[in-house]
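Peer 1: Sequence:
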Amino acid sequence: MKFSYYPGCTLKTKAQKLEKYGLDSAEVLGIDLIEQKEWQCCGAVYPLASNEIATRLSAVRSLVDAHTEKRKLVTICTACHHVLKRTNEDLKIDENFRKKANNYLELENTYSGEGEVIHYLEMLKNEFGFDKLKEKVVNPLNRKIGAYYGCMLLKPHKQMQVDDPENPTIIEEFIEALGGIPVVYPYRNECCGAYLAVNNKELTEKMSNNIIASAIENNAMELVTACPLCKYNLELKNELPIKYFTEILAEALGIEEIIG
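Under the working numbering, the residue at position 156 of the sequence shown is numbered 156, and the numbers go up by one with no gaps.
In case anyone wonders, no lab produced these hints; they're calculated from the structure. Cβ atoms here follow ideal geometry from the backbone N, Cα and C, with glycine treated the same way. One thing to keep in mind: the hints can contain errors.
To be verified - For each label pair, taking beta carbons as the anchor points, the in silico distance ranges come out as:
#1 Ile-216 x Val-138: 27 to 33 Å
#2 Ile-181 x Met-1: 24 to 30 Å
#3 Leu-105 x Glu-35: 19 to 25 Å
#4 Gln-161 x Asn-238: 33 to 39 Å
#5 Lys-237 x Glu-114: 41 to 47 Å
#6 Lys-20 x Pro-140: 18 to 24 Å
#7 Glu-52 x Lys-2: 30 to 36 Å
#8 Asn-218 x Met-1: 33 to 39 Å
#9 Thr-13 x Thr-169: 30 to 36 Å
#10 Asn-51 x Asp-131: 44 to 50 Å
#11 Val-45 x Asn-209: 22 to 28 Å
#12 Lys-144 x Glu-69: 40 to 46 Å
#13 Lys-206 x Thr-68: 41 to 47 Å
#14 Asn-238 x Lys-92: 38 to 44 Å
Put together the whole structure using the sequences plus the hints.
Peer 2: What follows is the structure, given as structure tokens:
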């Protein structure tokens, strides 16, 4: 199983261990994630102005590269996944953006969003299979874990198409495949404050605290998320262990660095 892999900036700097857990786990599972050689920052935030072309060009380059290699494009970071997938959808429906992006990049063949962007979790569920993943577990988690989805993995649903934005199950299914006990709680897909942490830390802490309190009230022993920014915000309170999904994956697969 071969995929083009887009790492993004956070996983190459402050969150290198989170990437390593994901890459090591893929290797154990026999999945070949081929890192793109000339990837650039995707911009981290999807621009809301439709006439904002330049900030989406780096995403277009990665999309074109993966399509040229005839591989699906996989990301571990939810923020990167969000930008790449929505940019790919823009190329399908926005003629003005498609024309300008193709002209600027001087592409030999017009790219119109024919490729596919998938999150690492989607890769595990739809390409590898959670049933097969369950068979690979050597260290079942056997504890109560709450999934925290945040906003960007699920919304807007029309573009992202990962799961039901109001009642998602993909992370709970993932936890269950790893031998954990998923905890469903009311705030699991409420916003943690996201980038408000930069200029309104107090509001971010309040929003994150509501999420953690909801999880604790429903007997979660820890939370797992697929977004580095969500992980950062939720850790501010320090009342509940906050894990990245690649951490618990590597733990369940018995990767030495995790369990040693």
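Peer 1: Can you give the numbers of the hints that this structure goes against, from lowest to highest?
Peer 2: Structure breaks no hint.
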